[in-house]
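Protein sequences, first through last, are from chains D and Z. If you read the first sequence in the numbering used here, its first letter stands for residue 1, the second for the next number, and so on. If you read the second sequence in the numbering used here, its first letter stands for residue 1, the second for the next number, and so on.
No lab work stands behind these hints: they were computed from the structure. Check before you lean on any hint, since a few could be wrong.
To be verified - Footprint (simulated), chain Z over chain D, 3 or more residues, beta carbon under 8 Å: (1) 62 to 73; (2) 78 to 84; (3) 109 to 119; (4) 151 to 165; (5) 171 to 178; (6) 280 to 293; (7) 397 to 407.
To be verified - Okay, derived cross-link-like pairs now, EDC-like style, lysine to aspartate or glutamate, Cα gap no bigger than 20 Å in a straight line: (8) Z:Lys355 x Z:Glu337; (9) Z:Lys406 x D:Glu210; (10) D:Lys84 x D:Asp98; (11) Z:Lys289 x Z:Glu225; (12) D:Lys308 x D:Glu337; (13) D:Lys308 x D:Glu401; (14) D:Lys406 x Z:Glu210; (15) Z:Lys207 x Z:Asp370; (16) D:Lys406 x Z:Glu208; (17) Z:Lys327 x Z:Asp34; (18) D:Lys207 x Z:Glu401; (19) D:Lys308 x Z:Glu401; (20) Z:Lys406 x D:Glu206; (21) D:Lys406 x Z:Glu206; (22) D:Lys129 x D:Asp98; (23) D:Lys308 x Z:Glu390; (24) D:Lys283 x D:Glu225; (25) Z:Lys82 x Z:Asp98; (26) D:Lys84 x D:Glu94; (27) D:Lys308 x D:Asp151; (28) D:Lys413 x D:Asp98; (29) Z:Lys308 x Z:Asp341; (30) Z:Lys406 x D:Glu208; (31) Z:Lys207 x D:Glu401; (32) Z:Lys308 x D:Glu390; (33) D:Lys416 x D:Asp98; (34) Z:Lys308 x D:Glu401; (35) D:Lys129 x D:Glu94; (36) Z:Lys412 x Z:Glu94; (37) D:Lys355 x D:Asp115; (38) Z:Lys82 x Z:Glu63; (39) Z:Lys413 x Z:Asp56; (40) Z:Lys129 x Z:Asp98.
Predicted, not measured: the structure shown is a model, and the values here were computed from it. All C-beta atoms in this analysis are idealised placements derived from N, C-alpha and C, irrespective of residue type, glycine included.
There are 2 protein chains.
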Amino acid sequence: MAGNNVFYAQSGGATAVINASACGVIETARRHSDRLGKVYVGRNGVLGALREELIDTSLESAEAISALRYTPSSAFGSCRYKLKGLEENRAEYERLIDVFQAHNIGYFFYNGGGDSQDTSHKVSQMAQKMGVPLTCIGIPKTVDNDLAFTDNCPGFGSVAKYVAVSILEAGLDVAGMASTSTKVFIMEVMGRHTGWIAASAGLASEKENEPPHIILFPEIPFNPENFLRRVDECVKNYGYCVIAVSEGVRNQDGQFLAESGLRDAFGHAQLGGVAPTIAQLIKSSLGYKYHWAVADYLQRAARHIASKTDVEQAYALGQAAVEYALKGTNGVMLTLERTSDTPYQWQIGTVPLEKVANIEKGLPREFISDNGMHITSACRQYLQPLIAGEDYPPYRNGIPEYIRLKNTIIEKKIEKAFIG
Amino acid sequence: MAGNNVFYAQSGGATAVINASACGVIETARRHSDRLGKVYVGRNGVLGALREELIDTSLESAEAISALRYTPSSAFGSCRYKLKGLEENRAEYERLIDVFQAHNIGYFFYNGGGDSQDTSHKVSQMAQKMGVPLTCIGIPKTVDNDLAFTDNCPGFGSVAKYVAVSILEAGLDVAGMASTSTKVFIMEVMGRHTGWIAASAGLASEKENEPPHIILFPEIPFNPENFLRRVDECVKNYGYCVIAVSEGVRNQDGQFLAESGLRDAFGHAQLGGVAPTIAQLIKSSLGYKYHWAVADYLQRAARHIASKTDVEQAYALGQAAVEYALKGTNGVMLTLERTSDTPYQWQIGTVPLEKVANIEKGLPREFISDNGMHITSACRQYLQPLIAGEDYPPYRNGIPEYIRLKNTIIEKKIEKAFIG
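Okay, chain D solo, but in the shape it has when bound:
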């Protein structure tokens, strides 16, 4: 017989709204207390299951859980930890199932990006192989917006809004100062392999002369000559040039323009520092005075300027995970389906987990302008509703009143420790 407790975990990079999904899961599970037991959350993601470090959310008040809706980052800890293939490391998957069985867990909700959905899929397969009833549902999350099969990813809309608002504001700053000071401003944004975040900077610019004047995408190999020509043209025509650059921009040989040499646990190169690289190029070639910013974690944690659409979708997906599971849905990732652009309308759908794993969705070429350095109106139409609406957190003493949970770990039931 299937257990009636729920296991939920957060995986990969944090976002401004991943806790809104947790809030949706926990609040909805509490409303179904006739059928569901406790919601346990893995401390530091799936590692919490492997190490049998399960947080008992029933010890948190309704107010605390409700505050998750407006608290950024991973309130229970996340992890960058990729389970190996089923055949390579069967022990890890067996361990997971053992922990789930020991704690009467019948539902596995995994909140993450492409790598995490791959894990969800393997856990689902393993449970089936071992004959253990386990309902597995993936809840999408990634600031990169690069998951296939879903119109957009929770977490992205808020980063997009942060980037559009920030470059709008910085652009006004440069415009006001350019006559005697900085002529070129460069803002580096996230997006390791795809240009969705960089593209969102384009929402700040409604006319050709409005900043940002140039956007550099990972999808378009960097061409220094074309780029410098356009920078010079902007400074000459508009008095200044504002540039949004993705951390993942590559040169014609496919190498990242800036690479620190570090790699994360998934083997991805850790990037950072494209902005100063580009700044140096401009200075040495054109001589213009520049400033640059690297938003880094500020952009993905910026709950203070979250998109209302994004918060609502993140919450709704958490809620839907529980509701779909109770209706018997299994082995899927939930998706967001756009049913109308104007007015923007969306609904929740599903895709089998085996399909979604590790497929990366890049910015389509028709979303990038002919010169490769801005967005098209089709892109604007796609992006615009995702940043719509404000959803401000409450403040105390001038800063947001984010919740820090008690995060009480339950007693272990398995003697053998996990050696990971």
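Got chain D; can you put chain Z on it based on the hints?
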């Protein structure tokens, strides 16, 4: 006889609220149309007066002027242009007075930092020497909060709020990811010579284990051994370490840790890049995985997260400039005086211009903790009210609806062009 038109100009680096002061000046002048004529604004600050490029604000609607209250940056253009001493360049000052006389200007309101108040003072002296009646009032402004004689400077509270909110959010991000990913996060903030902005990061941390764990101030010479010891201690005790670093941090020899080599028109070194420098030091010495952010212009332009206190004070100072001038006050900079900490209460005062010019107010040692790497409760008490309250701009299509003015330049009356 004195002219009844007003000349107002913005000077130096833009802030999130300098246009709120402009709004205060123009709206108040319009209410006194019985005694005051038009408000002209210098295009690109005092250069607009030298070049006789005067923006006629009477052509802007009441709604447009009202929108200045929530629009960041310099809506009329600012400049980094320092007039030389009276004896060195008498021609520039004579030119200013000529332009003012040609356009019937009897009031000079200059909105800027220390360098700008120095200009106000010299213009005031020159008018007296030339026997021209000109009421000169300085309106303080600087994100650096380093002006003497005023309890705080408009523009600073909003940067402080941005920095506190951003590092709170990024700190939650790192806390959630630290077990398997980034252990050290560094955020570089502005503050060329003083640590006020860096100090404001401390408002995000109410307990010793809460980020930021370390703040590096320009006032405290950088000691790599002490610093690295504390970083290591934080990672070992708390699992991670979040650092706020001022761009102006210097080594024991008084050199900036990162200096790009560029200098602005005032001869100040243009800084940027302390964060990656410190990150590299940590990596090579301790080996921890790091991320870093450089907020740069994003912080001083961030009207979306402006402090309500800051907006109110900026507006009130603009309003007071007109009211004091009409009462006959002359040759002063307006100041903010704190009359009570709890509840926070303030009023507007004045200081003679000759006193304020070019005196820099650093962070007092008693605002910095004994180890030189955090703030004290006295500092917290000083800073806290300055970031209090939110004052959100209106939004349209997901981004703030900031105003772009018409900025119509009036016809020139002087034949001779300014050669600057």
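The hints, checked one at a time:
Counting residues of the stretch 62 to 73 of chain D whose CB lies closer than 8 Å to any CB of chain Z gives 3, so the stated coverage by that chain holds, three being the minimum. Proximity of the stretch 78 to 84 of chain D to chain Z, defined as three or more residues with a beta carbon under 8 Å from a beta carbon of that chain, is established by the 4 residues found. For the stretch 109 to 119 of chain D, the stated coverage by chain Z is not satisfied: 0 residues place a CB nearer than 8 Å to a CB of that chain, which falls below the threshold of 3. Note: the stretch 151 to 165 of chain D has 3 residues with beta-carbon separation from chain Z under 8 Å; the three-residue rule is met and the coverage holds.
As drawn, the stretch 171 to 178 of chain D meets chain Z at 6 residues by the rule of a beta-carbon pair under 8 Å; at three or more, the given contact holds. Under the rule that three or more residues need a Cβ within less than 8 Å of chain Z, the assignment of the stretch 280 to 293 of chain D holds, with 4 such residues. Only when three residues or more bring their CB closer than 8 Å to a CB of chain Z does the claim for the stretch 397 to 407 of chain D stand; here the count is 5, and the claim holds. As the CA atoms of Lys355 of chain Z and Glu337 of chain Z are separated by approximately 16 Å, the hinted pair is consistent with the 20 Å bound.
A hinted pair counts as satisfied when its Cα atoms are at most 20 Å apart, and Lys406 of chain Z with Glu210 of chain D qualifies at roughly 15 Å. A distance of roughly 18 Å separates the Cα atoms of Lys84 of chain D and Asp98 of chain D; the hinted pair therefore holds under the 20 Å criterion. Distance restraint check for Lys289 of chain Z and Glu225 of chain Z: the Cα-Cα separation of roughly 19 Å lies within the 20 Å cut-off, and the hinted pair is therefore satisfied. Straight-line distance between C-alpha atoms of Lys308 of chain D and Glu337 of chain D comes to about 17 Å, which keeps the hinted pair within the 20 Å bound.
Pair hint Lys308 of chain D plus Glu401 of chain D holds up; C-alpha atoms about 18 Å apart against a cutoff of 20 Å. With a C-alpha separation of about 15 Å, the suggested pairing of Lys406 of chain D with Glu210 of chain Z holds against the 20 Å cut-off. Between the alpha carbons of Lys207 of chain Z and Asp370 of chain Z the distance comes to roughly 16 Å, so the proposed pair stays at or under 20 Å and holds. Between Lys406 of chain D and Glu208 of chain Z the alpha-carbon distance is near 18 Å, which keeps this suggested pair within the 20 Å criterion.
Distance hint between Lys327 of chain Z and Asp34 of chain Z is fulfilled; the C-alpha atoms sit about 14 Å from each other, no more than 20 Å. Distance hint between Lys207 of chain D and Glu401 of chain Z is fulfilled; the C-alpha atoms sit about 15 Å from each other, no more than 20 Å. The hinted pair formed by Lys308 of chain D and Glu401 of chain Z meets the criterion: a straight-line CA distance of about 17 Å does not exceed 20 Å. A C-alpha spacing of about 17 Å is found between Lys406 of chain Z and Glu206 of chain D, which places the hinted pair at or below 20 Å, so the restraint holds.
For the proposed pair Lys406 of chain D and Glu206 of chain Z, the alpha carbon gap of about 17 Å is at most 20 Å, so the pair holds. Distance check on the hinted pair: Lys129 of chain D and Asp98 of chain D sit about 13 Å apart at the alpha-carbon level, within 20 Å; holds. Taking the CA atoms of Lys308 of chain D and Glu390 of chain Z, the gap is about 18 Å. The hint holds against a cut of 20 Å. For the given pair, Lys283 of chain D sits about 14 Å from Glu225 of chain D by alpha-carbon distance, which is consistent with the 20 Å threshold.
For a cut-off of 20 Å, the pair hint linking Lys82 of chain Z to Asp98 of chain Z stands: about 19 Å separates their Cα positions. Straight-line distance between C-alpha atoms of Lys84 of chain D and Glu94 of chain D comes to about 13 Å, which keeps the hinted pair within the 20 Å bound. Restraint check for Lys308 of chain D and Asp151 of chain D: the C-alpha separation of about 17 Å stays at or below 20 Å, so the hint holds. For the hint linking Lys413 of chain D to Asp98 of chain D, the alpha-carbon distance of about 10 Å falls within 20 Å, and the restraint holds.
Between Lys308 of chain Z and Asp341 of chain Z, the direct Cα distance comes to roughly 17 Å. Compliance with the 20 Å bound is thereby established for this hinted pair. At most 20 Å may separate the alpha-carbon atoms for a hinted pair to count; Lys406 of chain Z and Glu208 of chain D meet this at roughly 18 Å. Straight-line distance between C-alpha atoms of Lys207 of chain Z and Glu401 of chain D comes to about 15 Å, which keeps the hinted pair within the 20 Å bound. For the given pair, Lys308 of chain Z sits about 18 Å from Glu390 of chain D by alpha-carbon distance, which is consistent with the 20 Å threshold.
A hinted pair counts as satisfied when its Cα atoms are at most 20 Å apart, and Lys416 of chain D with Asp98 of chain D qualifies at roughly 11 Å. Between the alpha carbons of Lys308 of chain Z and Glu401 of chain D the distance comes to roughly 17 Å, so the proposed pair stays at or under 20 Å and holds. Proposed proximity of Lys129 of chain D and Glu94 of chain D is supported: the alpha carbons are some 10 Å apart, at most 20 Å. Our distance criterion of 20 Å between C-alpha atoms is met by Lys412 of chain Z and Glu94 of chain Z, whose separation comes to about 17 Å.
Only pairs whose Cα atoms come within 20 Å are accepted, and Lys355 of chain D paired with Asp115 of chain D is accepted, the gap being roughly 13 Å. Of the supplied pair hints, the one linking Lys82 of chain Z and Glu63 of chain Z is violated, its CA atoms being roughly 33 Å apart against a limit of 20 Å. For the hint linking Lys413 of chain Z to Asp56 of chain Z, the alpha-carbon distance of about 14 Å falls within 20 Å, and the restraint holds. Taking the CA atoms of Lys129 of chain Z and Asp98 of chain Z, the gap is near 13 Å; set against the 20 Å cutoff, the hint holds.
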